[in-house]
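Here are the chains, one letter per residue:
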Amino acid sequence: MATPIPEKTLGERLRDHGLSRRGFLKLCAATASMMALPASMVPRIAAALEQARRPSVIWLSFQECTGCTESLTRSHAPTLEDLILKMVSLDYHHTLQAAAGEAAEEARLQAMEANAGEYLVIVDGSIPGPDANPGFSTVAGQSNYDILMETVEHAAAVIAVGTCAAFGGLPQARPNPTGAMSVMDLVKDKPVINVSGCPPVPMVITGVLAHYLTFGRLPDLDAYGRPMAFFGQSIHDRCYRRPFYDKGLFAESFDDQGAKEGWCLYRLGCKGPTTYNACATMKWNGGTSWPIESGHPCLGCSEPSFWDGGGFYEPVSVPLTANAGTLLTAGAVGAVVGGGSAALAKHGVKKADAERQPVTIDELEQTQ
Amino acid sequence: MNSAMDFLLWTKGPMFDIAMVIFAVGLLARLVEIFMLGRATNYAEPRATEWLPGFRTVLTRSVPDPGTFQRAPFNVLVGWIWHIGFLVALLLFVPHVELVKGVLGISWPALPNPVVDVFTAVTLFSLVATLVHRLTHPVKRHISTVEDYLVWTVVFLVVLTGYLAYHRLVNPYPLALGMHILCAEIFLIILPFTKLTHIFTTFIARWYNGAAFGRKGVQS
Amino acid sequence: MSDLDRIIPETRAAKNCARSPRDFGNALPVLNEIRHALERLVETGEETRIDLSGMPFGPGDLDRLTAWLGKGEVTATVEALGPTQIQETAIPGVWLVDYRSGEGQRLTLHLEIAPVPELLRPQPRDLAEALTLLDARLEEDQGTPPESS
Amino acid sequence: MSELTLERGLAAFRAEIDAPIAAFFSSCVHCGICAQSCPFYLETGDPKYTPVLKLEPLRRVWEAEFTLWGRIKRILGLEQKVTDAMLAEWEELLYDSCSMCGRCSMVCPVGNDLAYMIRKTREGMVQSGHAPEGLINASIRAITTGSPMGLQWKTLAVQIKHVESSSGLVVPVDKVGAEYLVLLSSMEVINFPEYLEAITRIFDHAGVTWTLSTQCFEATNAGIQIGNKDIAAQLVERVVAAAEALQVPKVISPECGHAFTAIRWEGPNLIGRRYPFRVFHIVEVLEELRASGRLKTEGKETDRLSMHDPCNLARKSGVIQPQRNLMDLVAENFVDLDEHGKYQWCCGAGGGVSSNERAEPLKMAAFKRKKAQIEKVEPERMVTMCATCRTQLEEGLETFNMDIPVVGLTEMIADHLVEKTPAKDDTRA
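Protein chains in written order, with my numbering: chain A, 6 to 373; chain B, 155 to 374; chain C, 2 to 150; chain D, 2 to 430.
Bear in mind the hints are in silico, worked out from the structure with no lab data behind them. A quick note: this is a predicted structure, and the numbers were derived from the prediction, not measured. Among the hints, a few may not be true.
Unchecked claim - Simulated pairs of lysine to any residue, SDA-like, Cα-Cα distance not exceeding 20 angstroms: (1) A:355 to D:272; (2) D:162 to D:144; (3) D:121 to D:75; (4) A:355 to B:190; (5) D:251 to B:198; (6) A:288 to A:331; (7) D:377 to B:223; (8) B:255 to A:254; (9) A:356 to D:72; (10) A:351 to D:70; (11) A:288 to C:104; (12) D:251 to D:281; (13) D:176 to D:279; (14) A:356 to D:3; (15) D:251 to D:303; (16) B:255 to A:331; (17) A:355 to A:367; (18) A:195 to A:118; (19) D:49 to D:369; (20) A:355 to D:302; (21) D:176 to D:278; (22) D:82 to B:190; (23) D:251 to D:289.
What the hints assert, rightly or not - Computed spacing ranges between beta-carbons, pair by pair: (24) D:3 to B:304: 48 to 56 angstroms; (25) D:178 to B:353: 51 to 59 angstroms; (26) B:220 to D:401: 21 to 29 angstroms; (27) D:362 to A:333: 43 to 51 angstroms; (28) B:220 to D:156: 18 to 26 angstroms; (29) D:301 to B:217: 32 to 40 angstroms; (30) D:156 to B:290: 53 to 61 angstroms; (31) A:108 to C:131: 34 to 42 angstroms; (32) A:356 to D:403: 49 to 57 angstroms; (33) B:223 to D:401: 23 to 31 angstroms; (34) A:55 to C:138: 25 to 33 angstroms.
C-beta: ideal position from N, C-alpha, C; glycine also.
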């Protein structure tokens, strides 16, 4: 599966594959949409893609559930098939590649050698850190950590796909038995793009690839290393139910009138206000719907520590651990402390009273 | 990781616990400190009982006598406005109701967000007005201490950060929300050790006042 | 679900939410955007494209928008990288361009405010090659159809 | 020989702190509203006279010794200490510029009873040797001579003779088993002897049995004004002993504000036991006589009259309606001041201010509030029922060249009593 560095531009290649100029224009329109760029960008994208060259991509899967891959293979626009064939050269992917065993690993090494300094590494899943037991997750007898570091060494950039790779995700949730770490915890000397989500919106994955392909550089990133184009706005800000929040109309249970009317799900634990992702515009399942549209609060899956960030059905404003018990216990302690303090003070009062010297007129006369 | 979301989770998690514990310990300590001192037996023949006049004063003292209102209308009005605004925002904003429900398991109806928003904006303005008043009125300037300005700052920041967070004027939002929660926690922490205790002790003070006057036959 | 079902709105969705008529939603701002674009087209000839798939629409918003725009006289299909349905709306100069993949999935949905949608026009480079193509055809007596580039 | 020291003062502050004090200091938000109720601030415009600020010495002791945070601050060396110099500075604030009128206690939004706290703070001031000279002298005279003004029984005996000769009635003295023991104030005896004649005539008219006591005739209590329990208790004990000796069930406090609160409300607590008798202000007794129809009057005053409620009687003792009922009995053109009853304004002389010569300018400044009230109503005469208030009103009105005489309510009632002859017929029948 290893490919030599493509000598032809993408435009030429696509035409070789029988794509007409109208077809190419359509591809660009789809790409712009995918990159969350305005439609007015289509001509620029067309010009850039015409000249682009296919990059080599190595996909590494670590402590993951394959959900991210599932998400990507259901990406409809363009389908991954299109992507693999026409846009990138996916040289290594456990789940998707035909090769197995030694041959598979050989493919990875070959791609790394042939495209040194230019290939992209996509990672899904978190990695048991250098201090963790390497046996928690291995591929071909090699620890995840070693594979990652070896593969990343000559990469152009790393794309961490999914919340596990981006932020540690489920494996890192307390008590984090495998010492799971995120890609950006481990890779410090290469650009890391986080495409978080559990799973990420498929078009966001392809959109990032398309951006790299189109412009030859990485997109603008937010503080978490996520592409601004997709993670720049919160779910809440782009939510079609936002007007209900602003009007103070909330569903209070999953089957009440508010829920049926499609009111805001804040009180049912929606993490939309604190979650940055593109679900509200990109949607899921070919643009059919997305969690909030189907009546379920956002879990906040694209944010760090989302597994430890409070119950899924607890509103954003609810503290994580505080409860009435803590309050009562603290109150009781306070009562005891106050009792001690007051007893001390009261002792002072009693002493002052007991030792009190009555004021005499002799004493008063002295002050004259 | 030094990120906004971690900050938010810290304010919602351990920091909230710390603040709540300090608040509960401090407040209960203060209340016990007050009540344990008690009052000396009063041997003077009373004109009336203490309980009812005490409770009446607890309520009526919220409204000043007409003469006082005429002499200090700004003080009274602005004080009223911001206290009401603060209480509305504190007790009737949906996320706050959810917070109380989450921690204590009790809940009550909330107001629509835009209504709370208006109250909050008015509160912010009136808080600024109280500061200007404190800085310019000869009595208030003279009697003000560092504590007064500290408490003003904390209260103002609680409302301001709440307003900023609601309108999502600070990015990223978890930072804005975390700041608001942190300010509220500072508020809780300093409450039992500053004049903020009046939130609770004013009812005790009013009762004692009403009881003392009530037993002499005057509704204070 | 046929393509036409998706592009030409029916009242089905509208009926679903008829129980809770809402006078807000995200369709209205788009309508305003169209108005501004149309103004520019009339005054300066500037064309505009609006990507409807990037809008935070709620259920029924898109259907409501397309219903408002209505259906015009021209319908066209471009077969390139799957079908693309082009429908003139009842407002002359406002076009709905529905890009579909070979499997019939929508890639993206654009509104074009232009005399003729970009995709319908011959591409300039194709046009440049048109004469050569025609000549080549004339030279070939048998008239073997040339490959499209 | 023992002396008054800062340590004794601090111990006294400590001993005075109770639950209400702690609740009050916990609640103060420095809103400054109390200043708007203080005639001393309002008429001087000096913010140092803000009532709550006058309590700073007591507040510091409370914070340092009665709160958790105060203890922590003390350990950290952040304690605000109460020093001799500070108390010397506060002497003026606690005595010269406070008549303990209690108006601030009525308006404080958080419910602080500031007058209660001032009273307690003065305990520490006395113990630390920071009481004003005038009050010290009054206290010494009260203890040594029985009267703050050094008045002797022989002076009163002369007055009694005058009353008896002018009224033709007998003033009962040391009459065991009488219903009422009547107390007087030195100021009345000297400045307003007509009071004694008035009650002699009224009680004769109503058939009330009463007596004076040679053992104790003085109702005023310099100990309350200076703020010392020991002196106050000694003075109260004298009254109690006299009442017990004469076995009276009721004691009447004269037209003097602080004397009434001293005997009525503080007395039992100063001596630590309930009285074997009840205490009334003369106005309360007159009202009871009126209500039971034992007070028969004829004719009414026709000029425009207004009334000054003594703080100690109205706001601090709940006697507000009786004096109005009595006014209605004898006056047809009575009009109240705007703010009266529990919201009345102090004349400026109470709480020991009038015994404190040094405070004279402040006393007159504070009077301006009363003056303004009087000017608004424009009465031809003012009526009151406290000798101190009456003296202050007379002095003040004269100072400001206002020709408004001040009369005592009791005398005014006495002036309208129905002639006694028909009453004799009644008793015969």
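Now for the hints, and whether the structure bears them out:
no.	hint	result
1	A:355 to D:272	18 angstroms, holds
2	D:162 to D:144	26 angstroms, violated
3	D:121 to D:75	23 angstroms, violated
4	A:355 to B:190	13 angstroms, holds
5	D:251 to B:198	14 angstroms, holds
6	A:288 to A:331	41 angstroms, violated
7	D:377 to B:223	19 angstroms, holds
8	B:255 to A:254	18 angstroms, holds
9	A:356 to D:72	18 angstroms, holds
10	A:351 to D:70	16 angstroms, holds
11	A:288 to C:104	19 angstroms, holds
12	D:251 to D:281	7 angstroms, holds
13	D:176 to D:279	18 angstroms, holds
14	A:356 to D:3	19 angstroms, holds
15	D:251 to D:303	35 angstroms, violated
16	B:255 to A:331	15 angstroms, holds
17	A:355 to A:367	26 angstroms, violated
18	A:195 to A:118	17 angstroms, holds
19	D:49 to D:369	19 angstroms, holds
20	A:355 to D:302	57 angstroms, violated
21	D:176 to D:278	16 angstroms, holds
22	D:82 to B:190	25 angstroms, violated
23	D:251 to D:289	13 angstroms, holds
24	D:3 to B:304: 48 to 56 angstroms	43 angstroms, violated
25	D:178 to B:353: 51 to 59 angstroms	57 angstroms, holds
26	B:220 to D:401: 21 to 29 angstroms	26 angstroms, holds
27	D:362 to A:333: 43 to 51 angstroms	58 angstroms, violated
28	B:220 to D:156: 18 to 26 angstroms	46 angstroms, violated
29	D:301 to B:217: 32 to 40 angstroms	38 angstroms, holds
30	D:156 to B:290: 53 to 61 angstroms	56 angstroms, holds
31	A:108 to C:131: 34 to 42 angstroms	49 angstroms, violated
32	A:356 to D:403: 49 to 57 angstroms	54 angstroms, holds
33	B:223 to D:401: 23 to 31 angstroms	28 angstroms, holds
34	A:55 to C:138: 25 to 33 angstroms	27 angstroms, holds
The structure fails to meet hints 2, 3, 6, 15, 17, 20, 22, 24, 27, 28, 31 from the earlier list, while all remaining hints are met.
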